[in-house]
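Asks: Chain by chain, the residues run as shown.
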Amino acid sequence: MTTLSTLTPSGQALSGPRKPHVQKRDWTGWKFIAPFMVVFTLVLIAPVLYSIYLSFFKEQLVGGNSFVGFANYGQALTDPQFWESMGRVTLFFVVQVPIMLGIALFAALAIDSARLHLSSFFRIAIFLPYAVPAVVATLMWGFMYGTKFGLVGNLNDFFHLAIPDPLGSSWVLASIGNIVTWEFIGYNMILFYAALRVIPTDLYEAASLDGAGAFRIIRSIKMPALRPAIVIGGIFSVIGSFQLFNEPSILQSLAPNTISTYFSPNMYAYNLSFAGQQYNYSATIAIIVGLFTAVIAYIVQNSGSRKEV
Amino acid sequence: MSTTDQARVNVPASQARAPRMSRYTRTNKSNQGLHTKKSILLTIIMGALVLYSLLPLFWLFVNSTKTQAELLNSFGLWFSGPNALWDNIVATVTYNDGVFVRWFGNTLMYVVVGAGGATFLAALGGYGLAKFNFPGKKAVFAVVLGAVAIPGTALAVPTFLMFSQMGLTNTPWAVILPSLISPFGLYLIWTYALDAVPTEVLEAARMDGAGEFRTFFTISLKLLAPGLVTVLLFTLVATWNNYFLPLIMLSEPTWYPLTVGLKQWSNQAQTVGGDVIYNLVITGSMLTIIPIVVAFLFLQRYWQSGLAAGSVKA
Chain A
243 MTTLSTLTPS GQALSGPRKP HVQKRDWTGW KFIAPFMVVF TLVLIAPVLY SIYLSFFKEQ
303 LVGGNSFVGF ANYGQALTDP QFWESMGRVT LFFVVQVPIM LGIALFAALA IDSARLHLSS
363 FFRIAIFLPY AVPAVVATLM WGFMYGTKFG LVGNLNDFFH LAIPDPLGSS WVLASIGNIV
423 TWEFIGYNMI LFYAALRVIP TDLYEAASLD GAGAFRIIRS IKMPALRPAI VIGGIFSVIG
483 SFQLFNEPSI LQSLAPNTIS TYFSPNMYAY NLSFAGQQYN YSATIAIIVG LFTAVIAYIV
543 QNSGSRKEV
Chain B
2 MSTTDQARVN VPASQARAPR MSRYTRTNKS NQGLHTKKSI LLTIIMGALV LYSLLPLFWL
62 FVNSTKTQAE LLNSFGLWFS GPNALWDNIV ATVTYNDGVF VRWFGNTLMY VVVGAGGATF
122 LAALGGYGLA KFNFPGKKAV FAVVLGAVAI PGTALAVPTF LMFSQMGLTN TPWAVILPSL
182 ISPFGLYLIW TYALDAVPTE VLEAARMDGA GEFRTFFTIS LKLLAPGLVT VLLFTLVATW
242 NNYFLPLIML SEPTWYPLTV GLKQWSNQAQ TVGGDVIYNL VITGSMLTII PIVVAFLFLQ
302 RYWQSGLAAG SVKA
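Chains A and B supply the protein sequences, listed in that same order.
All the letters of the first sequence, read from the start, carry residue numbers 243 to 551 under this note's numbering.
All the letters of the second sequence, read from the start, carry residue numbers 2 to 315 under this note's numbering.
Please keep in mind that the hints were generated in silico from the structure rather than gathered at the bench.
Backbone N, C-alpha and C define an ideal beta-carbon position, used for all residues, glycine too.
Check the hints yourself; a few may be wrong.
[Stated by the list, open to error] For the chain A half of the interface with chain B, some residues (derived, Cβ under 7 Å), not all of them:
(1) VAL281
(2) HIS359
(3) PHE364
(4) ALA367
(5) ILE368
(6) PRO371
(7) PHE457
(8) PHE487
(9) SER495
[Said to hold, decoys possible] Below 25 Å or equal to it, Euclidean Cα-Cα: the simulated DSS-like pairs (lysine-lysine) are:
(10) LYS223/B / LYS273/A
(11) LYS273/A / LYS139/B
(12) LYS273/A / LYS138/B
[Said to hold, decoys possible] In silico contact screen, one side only, chain A against chain B (beta carbon under 10 Å); selected entries:
(13) ASP268
(14) PRO289
(15) ILE294
(16) ALA349
(17) GLY392
(18) LEU393
(19) PHE400
(20) LEU403
(21) TRP424
Using the sequences plus the hints, can you model the full thing?
Replies: Here it is in structure tokens:
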């Protein structure tokens, strides 16, 4: 990446003021960062500490709130419902994320290739679903999935098809994957496209003088330049998968029999708190999921940068 | 936009220009584009992707023109029966003493205060990180970047418990306060400010005796404009579409944003004996996405500049 940064005009024109202004050590910077840090402490650091605190206690019928050490963690690690939900989002992440990122990558390369008619229309149209709230997206797709009155029902009637119920137990995860894919292809595409746009044109000129074709340019110039963006998109998608909540929770009222209260870890934590009043256990689940996500995000990041030349 | 803003600043144009304004970066009609011929096949494949992206929105529009009865008895992807769009809109905004309008106002407030505040805090903080050395700066980096890895929604339950002890739940603050923090926005402004605000300009301002905040508000903010718009759009979409946080924080419909309200209507339609108002859910959904889609289309061209700055250094 250093090569790219130094090629950008600012690095060249300003000849080196990349490092922050050097002056006597003073606290002026704090005046700027302090407001952010105050709110940050209140809404991020404090809840983390609070949930760690909660996870070591247990509300008991006799004796009230008492310290139980790692008992909640022990319970979670042997909780079949928790592991079922973790397994489900892992499957989701393994299947949905590569499909979504693959399509987004293809679209970004296609738009950047200058071989498309109306490329800016394509860019905006594919990006548009990102602006649609998850609630609306899920309600729309949920209606369309309907086998009785929805679009799937229409198609079955019209063509005498037998499309299985998208919200039935064998298809519901794929149907949720479709909604999430629909929402986030455009976002990832823009992430990749922005990375492609900063590749200096000289590189393409040099490559075509050397007789490199479009696919060779993609492999040797574009893909290496895209790697950081792919890593970022990957990390966001990992976090998103393990946080899966909105889509299944909204679809639940349409498919109460196939979407359980522990469909995803996040739904499990939510239902433990708000339906079961098991706040301490819920906080424990949240912490375990958070640690799990952080570890996987770290692995994704490392596997991405390791390959960097 | 940035050109006129920068013209007002007393620095050589070569230094003031934003990273994107460069002969190294391509515009649409690049020389890459002039040599390549258009591909029909690629256009068709991408056309299919566009169809996939726009089809649900078309479905939503078509069905917002139908009556409740037609909704259940006609083909989903084409118009049917009398055009009930206007009736549906009127029914949506007047249902239950106009609660939809109330939710719309709430959403607007959460967006203006939440997204506006988040962008402002990120701008101040990112600029501070980019342009000043101060004790504890490394710790700030570590903590903020570490926090990005923590899944936000996993924190929602503890945040709810904490807020309820502070008496903040069921007030707008419970929704606004967490929206004020955008670590991604902070990161973006930080990387953007490194290049977009030349240190020489700040030194010149200091020589003239301007205070740091005055310099920030009169000079730096303008130079940061493309980055700010990018952050504003991300936070705008995030707050307009926020569902999980208000869902757990608010128990009374008075403070609901549109997203939570629509979900409540949809639930009501599925409850036995509940008032079946699918047409209102659909029309309400359409009314919910119109403002954000308009804002999005209007501002989307500014996105890339800011995003590009972020992705180069990622």
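Asks: Hints broken by the structure, by number, lowest first?
Replies: Going through the list in order, the structure violates hints 7 and 20 and respects the others.
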